[in-house]
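Undergrad: Input sequences plus hints: build the corresponding full structure.
For the sequence shown, the UniProt record's numbering gives the first residue as 1, with consecutive numbering after it.
Treat the hints with care, since some could be wrong.
To be verified - Computed list of lysine-lysine pairs in DSBU-like fashion (alpha-carbon distance at most 35 Å, straight line):
hint: 1; residue 1: 410; residue 2: 259
hint: 2; residue 1: 287; residue 2: 57
hint: 3; residue 1: 362; residue 2: 270
hint: 4; residue 1: 220; residue 2: 267
hint: 5; residue 1: 87; residue 2: 207
hint: 6; residue 1: 207; residue 2: 259
hint: 7; residue 1: 151; residue 2: 207
hint: 8; residue 1: 226; residue 2: 205
hint: 9; residue 1: 208; residue 2: 220
hint: 10; residue 1: 270; residue 2: 76
hint: 11; residue 1: 226; residue 2: 207
hint: 12; residue 1: 270; residue 2: 287
hint: 13; residue 1: 205; residue 2: 259
hint: 14; residue 1: 87; residue 2: 362
hint: 15; residue 1: 226; residue 2: 267
To be verified - Derived DEER-like restraints, expressed as beta-carbon distance ranges:
hint: 16; residue 1: 485; residue 2: 253; range: 25 to 35 Å
hint: 17; residue 1: 86; residue 2: 497; range: 32 to 42 Å
hint: 18; residue 1: 232; residue 2: 503; range: 39 to 49 Å
These are computed hints drawn from the structure, not numbers from a lab.
Since this is a predicted model, take the numbers as computed values, not measurements.
Positions of the beta carbon are idealized from the N, C-alpha and C atoms, including for glycine.
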Amino acid sequence: MASGLLMSAPVCLIENSNGQFMVNQDALQVLTTVTQPVVVVAIVGLYRTGKSYLMNKLAGQNTGFSLGSTVQSHTKGIWMWCVPHPKEPNHTLILLDTEGLGDVEKGDNKNDTWIFALAVLLSSTFVYNSMGTISQQTMDQLHYVTELTDKIKAKSSPSTEQMNDSMEFASLFPDFVWTVRDFILELEIDGQPITSDQYLENALKLKKGTSEEARICIQKFFPNRKCFIFVPPAHRKKLKQLEELHDDELDIDFVENTKNFCDYIFKNAKAKTLPGGGTVNGFRLGKLVLNYVEAITSGDIPCMENAVLALAQLENSAAVQRSLTLYEEMMRQKVRFPTETLQELLDAHIVCKSEATKSFIKDSFKDVNQEFQKTLEADKTLEEYLKSKETVADAINQTDKMLTAKEEEKKEQQRKAQVAADAARALEIQQRRQEQIRLENERRQQEQLRQMAANIGAQRRQWLAEQEREQARRLQEQAQLLQEQQRREIAEQQRQIQILLAQHHNCNSDNDCIIL
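TA: Dropping the structure here:
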């Protein structure tokens, strides 16, 4: 984040008043100062389940996000806390604590669905917080995930079907972390110990006779999943002052659970990126917030592609203006009228325009078909310089009128000769200029081809990396399935052995037993 900027406490980013969302301008101003890449962690879950406590721990504090101690939901809207990333240099960690879902006082869960969707859209790591166990009831409470295809569009094209959008979600959505609070059971299946991740994956398996939609959506939309189990933090009477308790007053396992969760987030939560590439900083995140909230308040469905295009329009317009300013400053330094020749002027123009174009390419973002870059190719600035030169010539002509008739006649002859010479010279310069423009266009096209090749290479590497991660995930799933099958086969073999031993024992104890 910007040097010297430290947030001592969270601020409300998106206000929720009577079911209407509104972006807090003070929070947006804070985001504009965050120039570093941002890692955005959002937490969502039922109200009064301890979401804010985990967010405070990620911020390295005991207090900050309001915990509350009653049955009422304490957090309203979406609150934001920007802190320096504790493990990743030159990155800012942005924590988003959300309004609790399922609050009976709200009466309308449509508002909850939008809170859930906004958290997914804005985060790079999405944390879902629940209590007790991952049961069928828990899955039923997570119905919001089944409504994402109705609340989020990946593409703006009206011909894009909902199924295509849902297929895009897996590559666009954040990583998924499920935190299970107040877990008091043993982590085991069929008497065999399992990890918290295996517990989650087992809970996500499709089961006959149960609603499968939430399980299917989680598996489809969030391929990168992680689970953390938390034991109860302390005796129920102490929970009202949870933020005031020191670690030695909490259950030692809960302290360890919390540390493991924070360490994982600090190490594995990725910087937020835009669809198609491009790292998100605070300024870009603020524009995404505005775009998504404006879509919701106007009755539209937030579209990830439209949000990126709007951001590109804004950033590229600013990049063009900065490049034109650079061009003008360089021309003022290189050109001194009226002593410069037209050729020197043209040479200076080409150099300055090239530097301005490089500056734009560096600052631009998703300039589709080079539409913004083309605005730098026109010679309007050079024409202004040439017009100023014509003004100087007109002033000289006015002075010539004050000369004597003889001097004027002589001047007229010289002027005609000069005009003829200038015409010939202008033609030559024009021809040179056209040739240099042609060469410059060829050089620019080659540079564009080189950059396009570099971008394609980067996109291909990113695609290959994603494919490798997907292949690794599938191999891991296959390994888990194989382990599960082997475990069941071993259990079956042990059961058969026990049956044979029991039969043998019965045979020995029976006097009438005949061994065949």
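Undergrad: Which hints, by number, does the structure contradict?
TA: Violated: hints 1, 5, 17.
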